[in-house]
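A.B. asks: Listed below are the residues making up each chain.
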Amino acid sequence: MSGAEKIWRARPSLAYRKLVDGGMLYDEEHKQVHHFNETAARVWESCQEGRTTAQIVAALCREYAEGEGQIRADVEEILEEFGESELLE
Amino acid sequence: MTIETHLERAVLAADLAGLEGLDDEEWESLGERAVAEGLEGLLYHRCTSGGVDVPAEVHYAWRTGYWAWATDNFAALRELRPVLAALARQSVEVIVLPGAPLLALYPDPGCRPMEDIDLLVRPEQVPAAAAVLAGLGFESPDRYDDIYARDGLVIDLHDDLFHCGRIAARRHAGQLDVDQVWAGRRVQVVEGIELCTPSMEDMVLYTAAHALRHSYRRLSWFADLRLLVDGGLDWERLFAGARTSGLERPLAYGLEFLRRSGALPAPLEDWLAEQRMSGAEAWLLRRAFTGREDGELGDVLWSFNTESRFRQLQFLAQTYFPQPSVLLQVFPFLPKSLFPLAYGLRLGQLVFRGGRQLVGLVRKT
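Sequence order for the protein chains is A and B. Every number in the working numbering is 106 more than the matching position in the first sequence, counting from 1. Every number in the working numbering is 691 more than the matching position in the second sequence, counting from 1.
The set of hints was computed from the structure by calculation and includes no laboratory data. Note that this is a predicted model, so its numbers are computed, not measured.
Computed, partial: chain B to chain A, Cβ under 7 Å:
id	residue
1	H736
2	T739
3	S740
4	A766
5	D799
6	G801
We put the beta carbon where it would ideally sit given N, CA and C, even for glycine.
Start from the sequences, fold in the hints, and give me the full structure.
C.D. replies: Here is the structure:
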């Protein structure tokens, strides 16, 4: 399976709250709050729905004016940060 | 229109139209007032979702406050869940008093400040509750025996609604009956956490009395009240509760304020029209509303709620000169052994505040 087809899944034990210009995540285990800007919040919500990178990029391309290349780069960077922070399964 | 009026309309009536025409100085003034009154989060949310163009400095201050409240409140509620579970395991029944339950009335947890979480337990269960909290690592700050803090979570433990243990005369100035609150309790989900809370009607009475007790210094309490009365109440239950608990006056005062920025539901308008105030009381109320910023009149107004002149004087005396343990909280720098000095300091403080209030009144008149 290529990177673009990998299905991302949010760790279910994390509590997410959408905010007016982003979102936040509370990690009870580590007593830590993660803040997301609007794009990161959209990516996180997509992970909660079990989307692939390609699906996330396609959804964001419909919402934002930036080119697909830029959006893909942003999404991959955000997913990498989620992974480093152990937010994904 | 004054900045105060803009603020009231934006907060209580969600009317942002007037903000578009503010100049830089007025925005700065509005921005500062909003932060001082704990309204920056709500206004940030409303302006962002309403597409209002907020000047950069105010935007930054409001956004910072909004995210800070969102983070603190969301984390506090999540931290509260295991605490409630631990109390339940020891068969300690708990009602979560406002503000935490009021967060459910707002779009998200960034819209309302919440400095602590107030828990009501039955008087005979206070020692058990305190033991559970101590076992979980909570500690009481010096001079605050009923406050329990751990990391960012602060719990204020009550065995009645208005901490009459601190000022006993409050029992004679309208008191939400604890049995009534226990009987009316309900389960409410707040930010995904299941809480046992007072009924909506009891929360209205509690909020109205709380705002009065603090001289209406924060408009955010009226925002709570507005959302509560618009939230669908059992009017007869509310009016009966106000009557039996002797809180008709605080309720009427709060509703009078709300009426300034928009009509109330018809049953409340009808009820309010039946309430009578003496000339002095009405004058004090107007002054309390216009001088909210540095308000000191709440306790004087609250004293009208007592049943006799003797009780009124007793209430004022105990409120302004409370028992040493309470007064030492007002002057934390004073060693406990020197507590008699606290009464002199308190007198000076009251004279200073009274003078300031008088100057404010003269200016506004």
